Each structure stands twice: as structure tokens, then as C-alpha cells.
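Using the sequences provided together with the hints, build the complete structure.
So the sequence lines, in the order shown, correspond to chains A and B. Using our numbering, you'd call the opening residue of the first sequence number 1 and step up by one each time. Using our numbering, you'd call the opening residue of the second sequence number 1001 and step up by one each time.
No wet-lab data here; the hints were simulated from the structure. Since the structure is predicted, the reported quantities are computational estimates derived from the model, not experimental observations. Some clues are possibly wrong.
[Said to hold, decoys possible] If you want the footprint, here are the derived chain B segments under chain A, 3+ residues with CB under 8 Å:
| id | region |
| --- | --- |
| 1 | 1038-1050 |
| 2 | 1053-1063 |
[As the list claims (entries may be wrong)] Away from chain A, derived, C-beta distances all over 10 Å, residues of chain B:
| id | residue |
| --- | --- |
| 3 | G1005 |
| 4 | D1006 |
| 5 | Q1015 |
| 6 | E1026 |
| 7 | A1028 |
| 8 | E1031 |
| 9 | L1032 |
| 10 | L1034 |
| 11 | G1035 |
Note that beta-carbon positions come from the ideal geometry of N, C-alpha and C, so glycine has one too.
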Amino acid sequence: MSEPEPDSTGRRIAGEARSRIRFEEEALEHADQVYRVARRLVGSREEAEDLVQDTYSRAFRSWRSYTPGTNMKAWLLRILTNLNIDRGRKIQRSPDLQPLEEGDYFLANKVAEAQGEQALETEKVVEHLSQGSIVDALSSLPHNFRDVVVLVDIGDFSYADAAQILDIPIGTVMSRLHRGRRQLKQRLAEEAAA
Amino acid sequence: MSKVGDCEKCEELLQGFLDRELTEREHAQAELHLGGCDYCQRRYTFEASLRRYVRLSAAERMPPGLMERLSQLRTTDAST
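Written out as C-alpha cells, the structure reads:
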């Protein structure tokens, strides 16, 4: 009966350590982007820092559950959004906030979107707003909409990646994104008119 | 001259067009319409600007020390 060669065990351990180091270095390369998304999902810089630290802590601990070569930024953001939910954000689906089914998406678009020249008027006004106004308007969006708008417009994720990160259907991503962007414009227009 | 129906269709496709999430055929359709329609072109320009503003609004640097703190979270113990 033979025991495992000490050499091969040593090689395996060394190989694993190298993989882990590579993983950690790659994960840290995304820190700026991860922070940028976190900052727009929560209320303050301090909260964002805490959230990012907790995210990386968990990421480093569960490094083995990441499949090399796959989208690491999405993997990290998934951890982050789950942690954000765990932090006591209540996901209550009240009837008003029921996400639209895919088929309703275009219908809602037609009904709610200002048509014609009226739309262009709103847009002319919004164009002159400041950066601070946009930050405020973003943070005033309902959580469901804000998550998607931030992931797609700031995190630069595709609809499919956002769906995977948030664990929702693509149709829901599209409808929340569209409604979120529309609400964003409305809030900016309201502020500009004030 | 663009028909109202075409603008409606373009409006439906606009978000997907900006997000680069349309099929090749839809993308070509939208692009063709935008090339010849002043109204939709202005809508497109505005939507693109809004995206840019939103992205700029998030151009916030990591607070000093955070990167250092994250690096310190890295494993030093090979047995975990």
C-alpha cells in the first residue's frame, strides 16, 4: 500500500496557492467598479465601504466557488447585491410594485411615455441639470428599479448579466430598467421645474 | 419622410439600441430610421446624453484606505 508522494502533495498545494493569489489579484482589480456600484446602491460612503469590505471578505473566503474564466465582476456583484439584501432591506412585493410581465413591457411604454413634442420639451429641461441632481434622483428610485439602472448604466452589465446577478428573468430586467429610467427622467424634470 | 408608425417602432427599439441589446435585424432597422428622422435622432441624442450624465455621476473614487483594507482581507493562512 503506497502513500501519496510528498512531492505531488506539495505541488498540488503550491498550485492551489498560486490559483488563489491570481484569483485575489483579479478580484481586487474590480474594486473600483464594485465600489462605484455599491456607492449608488446605498445611502452613504460609509455604508458603501462596509458593503464592499464585506463583499471582498466573503469573496475571498468562497474563492473556490468561482469558476475561472467566467465573469468575475458579475460574480462579485452578485455577492454584493445579496449582502445588500441581507442587510435588512425588505423585499416586499406590494401589488403596486409587481414587475411587469414581458408582454406588458411595450404596452406600459406606450401608455406612460410622453409622446411627441412633449417628450422633447422635458428632455430640453433635463439636459441642464447638475451631477448632484442625478445622484439624488438615482437614490430616490425604488430599490427594484435602482438596482437594475445602477447595474446596467453604471456597472455596464448586459441585460443577461444583470438578470443573473439579481436572479430575476431578463424580461423583468428590461421592464424595471425602462421604468427606472423613465422615473429618473421624471424626477429630474420635476427638480428642474422647481 | 418618416411615418408616425416608424417613429413608434423606433421608440420601442430605442432603449435596446442604446444598450446594444437588439438583434442584428432590429439594430439595422433602428439605425436606418435614425439616419433619416430628425425627431428620433434628437430623442436618441438625449437618451445617450442622459446615460453619459448618469455614468459621470457615479465617477466617485474609492475612499482613501479602502484598497489597503481590502488587500488586508486576503488570505495569509494557506490552510483555510
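**Request:** Test the statement that B:A1028 is away from the interface with chain A: the closest C-beta pair must be farther apart than 10 Å.
**Result:** holds (20 Å)
**Prompt:** Do at least three Cβ atoms from the region 1053-1063 of chain B come closer than 8 Å to Cβ atoms of chain A?
**Reply:** holds (count 11)
**Check on B:G1035 being off the interface with chain A, judged by Cβ distance over 10 Å** = holds (19 Å)
**Request:** Classify the label on B:L1032 as holds or violated, using whether its beta-carbon is more than 10 Å from each beta-carbon of chain A.
**Result:** Check passes; 20 Å lies beyond 10 Å.
**Request:** Examine each Cβ of chain A, and state whether all of them lie more than 10 Å from the Cβ of B:L1034.
**Result:** holds (15 Å)
**Item:** Interface exclusion of B:E1026 relative to chain A, criterion Cβ beyond 10 Å
**Value:** holds (13 Å)
**Message:** According to the definition I'm using, a residue is off the interface if its beta carbon is farther than 10 Å from all beta carbons of the partner; does B:G1005 meet that for chain A?
**Reply:** holds (13 Å)
**Prompt:** Is the Cβ of B:Q1015 more than 10 Å away from each Cβ in chain A?
**Reply:** At about 6 Å from chain A, B:Q1015 fails to clear the 10 Å cut-off, so the statement is violated.
**Request:** Check the non-interface label on B:E1031: least C-beta distance to chain A beyond 10 Å or not.
**Result:** Since the minimum Cβ distance to chain A is about 20 Å, B:E1031 lies beyond 10 Å and the statement holds.
**Asked** Has the region 1038-1050 of chain B got at least three residues whose CB is nearer than 8 Å to a CB belonging to chain A?
**Response** holds (count 6)
**Message:** Confirm or reject: B:D1006 is not an interface residue toward chain A, with every Cβ-Cβ distance exceeding 10 Å.
**Reply:** holds (14 Å)
Checked against the numbered hints above, the structure breaks only hint 5 and satisfies the rest.
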